[in-house]
Amino acid sequence: MRLINLSSEGRSYVSEFMDTQTGVFHEEAFRHLLTREAGRATRYQDFFSICVLRPDVPGIDREQIGQEIERAISEKIPEFVRATDLVGQLSSAIAVILLHTAGADALRVAERIRANIEQVAFREGPEGRPQRLTVSVGKVSFPHDGHTDSILLSQAMAYLAQAVERGGNQVTHSSGNPE
2 MRLINLSSEG RSYVSEFMDT QTGVFHEEAF RHLLTREAGR ATRYQDFFSI CVLRPDVPGI
62 DREQIGQEIE RAISEKIPEF VRATDLVGQL SSAIAVILLH TAGADALRVA ERIRANIEQV
122 AFREGPEGRP QRLTVSVGKV SFPHDGHTDS ILLSQAMAYL AQAVERGGNQ VTHSSGNPE
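Counting in our numbering, the sequence shown runs from 2 upward without gaps.
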């Protein structure tokens, strides 16, 4: 999502909700949009999916990964999803809402994000040398994996933790067939 030709007043308003350079939503705005989407999907019997992901950096905890690398990953994700999908930075992961996408289709998108990120060389800081990173992904779909935003995010985070525990660089999701 790119915002073009905004006045400085409009730019500061939008920057409260998203990083205007990357189009990535800040956590509070992302959570608000997720809550609204869960309500909309419930009312209209629609569906969507959530992917949460985190870089795989063995032996290093999340705080040491560096905000620059997470931001760079967040910037790349919109290249691998539709313009209508929503990317947000949570305190514990990067999240993507895949609108009107569930089940096997959402799994294919999650795998595409994971595989494409693996092909990108990221640089930490202007002097850092480029390095390839992998990501672990947890994927859930509404209504198959839950009916509320909080249950869905909690379940997605649990699947993300499972992917990390299994060695990373994979997508973990419910084993039941949602279709």
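Any given hint could turn out to be false.
[What the hints assert, rightly or not] Beta-carbon label-pair distances, calculated as ranges:
1) Q22 / S93: 40 to 50 Å
2) A122 / R41: 30 to 40 Å
3) R133 / E17: 32 to 42 Å
4) Q46 / R133: 15 to 25 Å
5) Q46 / T135: 32 to 42 Å
Derived from the structure by calculation, the hints contain no laboratory data.
Positions of the beta carbon are idealized from the N, C-alpha and C atoms, including for glycine.
Beta-carbon spacing of A122 to R41 - inside the hinted bounds 30 to 40 Å or not: Holds, at about 38 Å.
task: Evaluate the given range 32 to 42 Å for the C-beta pair formed by Q46 and T135.
output: Once the Cβ atoms are compared, 36 Å apart, the range 32 to 42 Å for T135 and Q46 holds.
query: Falls inside 15 to 25 Å, the C-beta gap from Q46 to R133?
result: With a Cβ separation near 42 Å, Q46 and R133 fall outside 15 to 25 Å, so the hint is violated.
- prompt: Would you say the C-beta atoms of R133 and E17 sit inside 32 to 42 Å of each other?
  reply: holds (34 Å)
task: For the range 40 to 50 Å, tell me whether the beta carbons of Q22 and S93 fit it or not.
output: violated (22 Å)
Checked against the numbered hints listed earlier, the structure breaks hints 1, 4; every other hint is satisfied.
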